[in-house]
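Undergrad: Residues per chain are reported as follows:
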Amino acid sequence: MTSHSVPVEVHDHHDVRPIRKAAMWVFLGSECMFFGSMIATFLLYRNETGDGPGAEIFDIPFTSASSFILLMSSLTMVLAHNAFENRDPRATRIWLGATALLGTIFLAGQIFEFTEFVHKGLTLSTSSFGSAFYMLTGFHGAHVAIGVLMLMAMFYLSFSGRLYDDRGLNVELVGLYWHFVDIVWIVIFTVVYLLQV
Amino acid sequence: MAEVAHRAHPTPRTYWIIAAILAGVTAIEIAVPYISALDPIKVPLLWALAAIKFFAVVGFFMHLRYEKPLYRTLFFFGVFGVFPLFIVVLLSMHAF
Amino acid sequence: MAALVGAPAILLASCSGSGPQTALNPEGPIARDIDDLWQLVFILATIVFVIVQIGLFYAMFRYRARKTDDSEPVQVHGNTPLEILWTIIPVVILASIGYPIVKGIFDVRAIADGPDVLQVQVTGHQWWWEFEYVDLVGPDGRTLVTANELYIPADTEVNLTMTSADVIHSFWVPVLNGKRDVVPNRVSNLTLIADNPTPPDQPHPGQCAEYCGLAHADMRFKVHVRSQADFDAWVEGQLAPATVPTEGAAAAGYEAFNTCVACHNATVSGPDGVEDIGPVRTIEVDGVTFTSSLAPDLTHFGSRGTFGAGTFENDREHLAQWLANPSDLKPMRPELNDIPNGRILGMPNFNLSDDDINNLIALLEGWK
Amino acid sequence: MVLDTSKDLVPAQPTGIWSWITTVDHKRIGMMYGVTALVAFFVAGLEALLIRLQLATPNGTVLSADAYNQLFTMHGLTMLLVVVMPVGAAFMNYFIPLHIGARDVAFPRANAFSYWLFLGATIMLLSSFVLGGAPDGGWFGYAPLSTQLEEFVRMDYYAIGAQLLGIASIMASANFIATVFTMRAPGMTLMRIPVFTWMAVVVSFLLIFSLPIFGVGLFQMYFDRNFGTQFFGGGGDPLLWQHLFWLFGHPEVYVLILPAMGIVSEIIPVFSRKPLFGYPFVVFSGIAIGFMGFGVWAHHMYTAGLGPVAEAGFGIATMMIAVPTGVKIFNWIGTMWGGKIRFELPMLFAIGFVSLFVIGGLSGVTHSVVPSDYQQHDSYYVVAHFHYVLFGGGVFGFVAGAYYWFPKWTGRFLDKRLGLWHFWLMLIGFNMTFAPMHILGLNGMPRRTYRYGEGLGWEFWNQVATVGSFIIGISFLIFAWNLIKSRKHGVEAGPDPWDGRTLEWSISSPPPVHNFDEIPIVEHVDDFWHRKYATDDDGRAVRMADVTGGTLIEANTGGEGSHEEDMHMPSPSYYPIIAAGGITTVGYGLIYVPGGWVVAGIGLLITMWGVFGWSLEPVTRGEHHD
Ligand code: HEA
Ligand code: HEA
Ligand code: CUA
Ligand SMILES: [Cu+2]
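Protein chains in written order, with numbering that gives the first Met the number 0: chain A, 0 to 196; chain B, 0 to 95; chain C, 0 to 367; chain D, 0 to 625.
These are calculated hints, taken from the structure and not from any lab test.
Cβ atoms here follow ideal geometry from the backbone N, Cα and C, with glycine treated the same way.
There could be a bad hint or two in this list.
[Said to hold, decoys possible] Derived pair list, reagent style DSSO-like, types lysine-lysine, alpha-carbon separation capped at 27 Å:
no.: 1; chain 1: D; residue 1: Lys415; chain 2: D; residue 2: Lys487
no.: 2; chain 1: D; residue 1: Lys415; chain 2: D; residue 2: Lys484
no.: 3; chain 1: D; residue 1: Lys415; chain 2: C; residue 2: Lys66
no.: 4; chain 1: C; residue 1: Lys66; chain 2: D; residue 2: Lys339
[Stated by the list, open to error] Chain D residues, not near chain B, derived (Cβ > 12 Å throughout):
no.: 5; residue: Phe41
no.: 6; residue: Leu52
no.: 7; residue: Val129
no.: 8; residue: Asp414
no.: 9; residue: Gly452
no.: 10; residue: Gly456
no.: 11; residue: Glu517
no.: 12; residue: Leu589
no.: 13; residue: Trp596
[As the list claims (entries may be wrong)] Sample of chain C residues facing chain D (criterion: CB under 7 Å; computed from the structure):
no.: 14; residue: Tyr62
no.: 15; residue: Arg108
no.: 16; residue: Val182
Excised from the complex, chain A in its bound form (with noise of 0.2 Å):
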């Protein structure tokens, strides 16, 4: 072996947190372009509203309190994560099922908002500006309904105890994907309805 000097970078093989996460991450960044992809559609189709209703069938005071709601929904998601980090898997439980429930809050608010829309003559396929706001914000419905459903099942280790158990995913991922799930409403909610009105 050579004699001069090495930095050897010493890797705890054992922390796999550092891998999952950085996965996640890379993940998340990858998102931004699904997202952003769609945000610059709608962006290009705001005004493509053809013979059907356009942005002034926006209810901004009902949708501002159901993103209030998603926003607040984070702030339980790291109280949760938090409390896991503690070892205490009582307020881990609690704060878990806050968050699912503030995220199941604002899927019906969503749902009550699409039918409202609808009834106001705005669907997939009135125009090119209503397809791009039904896929973005559907999209991003979908991914809060995953994270519901990554959340119950959490909420459903901790009572079995399992919460510490090593596995795929943990309350920290869970709780990335969340936020990043709460990010891309701020931006939704800035660029569709606040900048349309």
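Dock chains B, C and D with the ligands against the given chain A, drawing on the hints supplied.
TA: For chains B, C and D with the ligands alone, coordinates are given in the frame of chain A:
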């Protein structure tokens, strides 16, 4: 860099403060479209407010401020990559 | 070795413009400018190519392992000045062609404008071309509309304003200019300038260059270049309505033509004066109104050298085949036609009797 | 986290079909990618031969227009997404862990899932031929042609099939990135990892950031076709699709070429007996190509109507990619310069790569000259360009890699005589097929045309091309025969047949399940070489001791800092194939909506079963990552 990576983890107190800030910014955001005096700067202002919220969540709730620089690099490629690309697309399609 | 095969082939390409549809024998100033730029870049590329291959082959030959020598080579890891050098040289080479490229783009893309410019509106259809000379209006107020054969005067700027009725097509006459996509919902422009008139039987061939479905290969067209006088004469002939035949096979053909006017228009001067006997449709894109018919205008079909979008000789034999079953000659999907919604994907087979076919041919031949 | 600290015996290679289905071993997964891609290459090659037969004469009648359009679309689609990309994935799977000194990739089960989903999507795309017609909208599926014929499911196959391939690739890429950034052996700093693995990282980033854009475009295409949305038709703008497609499509072409460049960067030093000239420059030029590759997408749209300013900008930007690419070319020649070049088969193909890729690259530069491209676009000149880079570059590079690493996979050499036949026939056939296309294109022959008329002066070169394509075909028949024959009966190669430089040559051929008996400690670029050779005062290499691969690591590690590792390999799992099968089922259902909703629903349930089973399955047997 090493300093950043070892920054102390935030406490629930920090989280509540951030949440309060988020709530405050959101309130301002919602008000902006209704204040006609702000119309000329409405677009950049709303983008700026959204950016504040965005990075508050990313930095504190997602702990990116406290994590390895690697994660930041990975994620910011996406966040900052998407803007120039689609601005060029939208410009070339005369969307503005 | 690869070079030995590849290089001569490419070299050959540079000087051997062959065939009527080549980009290498320009017949107009715009195509010539493009070709000049190409020649310049091609020579530069050839030089780079030759230098690189020489370096590669020299290294291969000079530093091949020899049985007689088993010493190990010197372990060189790199050389920064060299790296910088071979970064900068390509930058310089490329920068040197930056100006002609940018100038070329703006020149080719400039939209011809002015009183002397001939304005033609082009509508691309699956799978044929429609041309309308918007400034050439006949005595009855109709503009000149034709299909698949474009006539232009020599040495005159022609501005094409183009759109598509269905999918993306691309208008390309290699000897006159590069191609330009024809996009639904969008208007695009292309300038044509031709040096000399073409002999009547040797128009410049053109081709749809963007894949547009089943019969993309057969979406061709012709550009006839005429002296100004010949062009004016052609215009006069085209602006005149067709006459309704009153006797013989052609008259019987006119009866049978009833089926055809579901899609095809013809402007005829009959007992009720001058009238369009088929549908005339327009679409509006970005404030420009384009004629966008369901099928080629047949008013002066007899004057065309080819049909089926520049694909078949306009003779009795081919016409008979066409009328007997169009899809035999040219792949189309008429079974998907939806006339009320303006969706046409080809001409259907009407199972015409031989008599009908002969009569229709007589009619169409007469419509010069 | 509970870790089992008891030491198992060194894991043995399991056998049987079931062991392949449930395998999570990156080497086996790599093999499966490779074999699948090879089969797909023969299918897509056969399609190409039919295309060439049809074009051999004017007004050819071998194929109908309809068949021709399906064939060229599937030929392009298959070659790019089901052959070249997966071949890249095959090499990456096999060699990333070996190159960085790891036992496996970061997420072995996700890795298996990527493969199975890729296989599902491949089967889906190929099955379209018998299930209502294959995609016929061209490999870039321009809207609104691709959204036009709702009567046919063809472009639904495209929309869904490509979407699934994309999901598989995103997962694989995230996996590779996590592997390289977090699982390197001690001392394996970023500037010591082999160039191939570096290129794999760049490729992974390109895919991670470009595929989602394509994904959105594909969803929009699918919605336009099936749910009446107006993304590209109605009030929509067809150019949106082109932007979304090429934002993916151009980075994609570098996804195809960078792994081949990485392979060539491995091979040339070994057979020149010199280190890679300018290692950091080769690495950084690869990264630069990656970055620049994201900024030039619109050079495929010069004729579409971007406006002169955008065209000029994209034209100049595109030209500049020649600069980092040139750096690579020059460094390869620099590596050969002053070396002792052994013309073994891998080296022949690698040199073929360098020579031919330059032709393709230069014709790319002539494309970037915008006014010239007004003439060249969508003509056979483009077809010539991209076959030179994809076949002359990509395929030559990958074949070089196959000859180079076959001994590592099987412990045996590929037959040299057959290999020489393969090489020369492929080289001649390739140039005969594609060099004439430059001439055809400049003489006005448009691409994607199933027939052309007489008298246009295209007959002769088309015939040459057709003959050439059959010579390529024969060369690949020889290759296939060589693979089959040498796998069992080739000359035995031993662990380090080429006197290699990188870590994979330090272990037995084929490698053991756990790759390394002990995780190596790395001190150099080309670490393995430095364990074998020192340099004398003139800088010439001097062999240190009579060491051969396989024994070296043991002899040279175990000192201070070495890691005594438990040898638990991740346990096999059948959840990946279930999840992938579920998603494929959903895909089939979506193609046939509304009738297919039921199928899609069933698929969704299977997927949920797979995904939840997998992600909630506690990690057992001391497996420490999944
Ligand atoms: C492996 C895939 C691959 C690679 C590596 C490339 C590399 C390049 N490509 Fe290519 N390209 C394709 C695959 C690829 N391409 C495909 C598939 C299409 C068609 C898609 C379709 O329409 O179906 C296409 C189409 C295509 C077009 C659009 C043509 C058209 O449709 O009108 C253009 C236009 O600019 C282009 C340019 C380039 C350039 C500038 C490079 C450069 O990266 C090349 C750089 C390399 C060199 C230049 C050689 C080495 C350099 C030197 C020796 C240094 C000195 C050089 C100089 C000073 C010039 N390509
Ligand atoms: C990596 C990518 C790749 C590769 C390797 C190839 C390989 C080949 N391609 Fe490729 N091609 C594309 C990517 C590729 N192509 C793309 C992207 C398009 C554009 C599609 C589009 O427009 O949408 C295209 C389009 C394309 C066209 C243009 C079609 C058109 O525009 O109308 C043609 C025409 O000649 C062609 C020919 C060939 C030939 C002859 C080969 C040969 O090299 C193939 C050699 C392989 C074999 C021959 C198979 C092996 C052997 C056997 C199967 C045994 C049988 C053999 C005998 C009996 C002899 N290709
Ligand atoms: Cu019209 Cu091709
Ligand atoms: Cu490109």
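Undergrad: Each hint: holds or not?
TA: Structure-based check of each hint:
Straight-line distance between C-alpha atoms of Lys415/D and Lys487/D comes to about 15 Å, which keeps the hinted pair within the 27 Å bound. With a CA separation close to 12 Å, the supplied pair Lys415/D and Lys484/D stays within the 27 Å bound. Simply put, Lys415/D and Lys66/C have alpha-carbon atoms about 19 Å apart, close enough for the 27 Å limit, and the pair holds. Taken as a hint, the Lys66/C and Lys339/D pair is honoured in the structure, with Cα atoms around 11 Å apart against an allowance of 27 Å.
Distance check for Phe41/D against chain B: the nearest CB is about 37 Å away, which clears 12 Å, and the non-interface claim stands. No Cβ of chain B approaches the Cβ of Leu52/D within 12 Å, the least distance being about 41 Å, so the stated non-interface status holds. Every CB of chain B is more than 12 Å from the CB of Val129/D (nearest about 38 Å), matching its label as outside the interface. No Cβ of chain B comes within 12 Å of the Cβ of Asp414/D; the nearest lies about 45 Å off, and the non-interface call holds.
The claim that Gly452/D lies off the interface holds: its Cβ sits roughly 37 Å from the closest Cβ of chain B, which is beyond the 12 Å cut-off. Separation of Gly456/D from chain B is adequate, the least Cβ-Cβ distance of about 37 Å exceeding the 12 Å criterion. Annotated as non-interface, Glu517/D keeps its C-beta farther than 12 Å from every C-beta of chain B; the closest such distance is 26 Å. Every C-beta of chain B lies more than 12 Å from that of Leu589/D, the closest at about 27 Å, which supports listing it as non-interface.
For Trp596/D, the requirement that its beta carbon stay farther than 12 Å from each beta carbon of chain B is met, with the minimum near 33 Å. Taken as an interface hint, Tyr62/C checks out: its beta carbon lies about 5 Å from the nearest beta carbon of chain D, inside 7 Å. The beta carbon of Arg108/C comes within 5 Å of a beta carbon in chain D, closer than 7 Å, and the hint placing it at the interface holds. Given hint, Val182/C at the interface with chain D, holds; its Cβ is 6 Å from that chain's nearest Cβ, closer than 7 Å.
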